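Colleague: Sequence:
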Amino acid sequence: MWYGLDIGGTKIELAVLTTGFELEHSWRVPTPQQSYDEFLQTVLEQIQRADALCENSGTLGIALPGVIRHDGTVLSSNVPCLTNQSVAKDLTTLLKRPVAIGNDCRCFALSEAVLGAGQQHKKVLGFILGTGAGGGFCLNGKLYQGASALAGEYGHQGLAAAVVQQFNLPLFNCGCGLTGCNEPYISGTGLARLYQHFSGRQSTDTYQWLADYRAGIPAAVRTFEAYISALGSVMANQILSLNPDLIVLGGGLSDIPEISAALPEATTAHLFAGATVPEFTKAQWGAASGVRGAALLGKALTEGQSYEF
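Our numbering puts the sequence shown at residues 1 to 309.
Hints were generated in silico from the structure; no laboratory data involved. Predicted model, so just to flag it, every value in this text is computed and none were measured. There's no promise every hint is true.
Stated by the list, open to error - Pairwise CB distance ranges (calculated): (1) Asn84 x Pro30: 18 to 28 Å; (2) Asp90 x Thr268: 11 to 21 Å; (3) Arg201 x Gly20: 20 to 30 Å; (4) Arg201 x Leu94: 41 to 51 Å.
Glycine is no exception: its CB is placed at the ideal position from the N, C-alpha and C atoms.
All chains, full assembly: derive it from the sequences and hints.
Modeller: Okay, here's the thing in structure tokens:
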């Protein structure tokens with residue numbers, strides 16, 4: 001059996017998959033954020049539960065939010081207790097089995113390229129629009145990581161100056177420590193931040209924005225115009241850099257039909273004449289893509305293969 005573990009800022013999801021990647025079991029538990037020992041114990045308990053259900057020891061792959069450095073240590077703002085910890089090494093020792101680890105957005109992209117919506121395409125760009133924003137690029141079913149495994153950190157490229165100027169946007173600080181990154185504008189929290197800016201409200205969220213947008217509230221309409229232009233500019237940059245056949249969208253914002261419907265035209269607006277916008281599609285496995293991608297990494301580690309290049 002393959003085990004996929006998706007570590008989120010609030011929850012840990014474990015999926016038990018057959019060798020054919022059919023789902024057998026899955027469940028979620030809260031993520032310990034501050035205590036690394038508690039985190040390790042929580043993972044251990046979930047794996048013991050899975051082993052008992054399967055009457056065997058499954059192979060484990062883990063998707064987590066953050067950067068996995070060359071020395072194996074992690075940098076994660078969403079789960080602070082993981083920062084500077086050798087998560088894969090420590091869990092390998094604790095669980096007494098090989099443990100593969102990867103960035104959650106890259107695991108999403110790998111899952112959709114190998115097992116999901118991108119199976120029939122050679123060049124697949126996976127893009128998550130949720131609490132944060134990031135993704136990964138797969139070529140012929142393998143994930144491109146880059147020299148420092150940073151490929152896919154689109155959220156931390158700089159927002160296009162043309163968008164900032166057109167909508168007279170402030171430069172938002174990003175959780176990564178930089179200013180003016182894409183993520184504070186195109187993520188779910190970024191959309192809410194934009195609505196606060198245009199409406200003058202101190203506190204609002206994407207649910208309120210969507211209700212107000214559908215009601216035709218001018219500030220909500222202006223927020224959408226700025227948001228979709230910002231998102232279109234980000235997509236255009238990825239198309240010019242990677243030239244994918246398909247862009248697979250995941251995360252909560254991809255479920256808003258107004259956003260997915262407007263995205264191709266918004267992307268075209270930021271491309272020069274003759275550049276082609278590829279097909280956009282929603283993730284086949286939705287929120288379950290992360291665990292499947294993680295399980296693929298575990299499978300590759302066990303078999304001495306790689307889904308990366």
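Colleague: Tell me the numbers of any earlier hints that the structure contravenes, in ascending order.
Modeller: 2, 3
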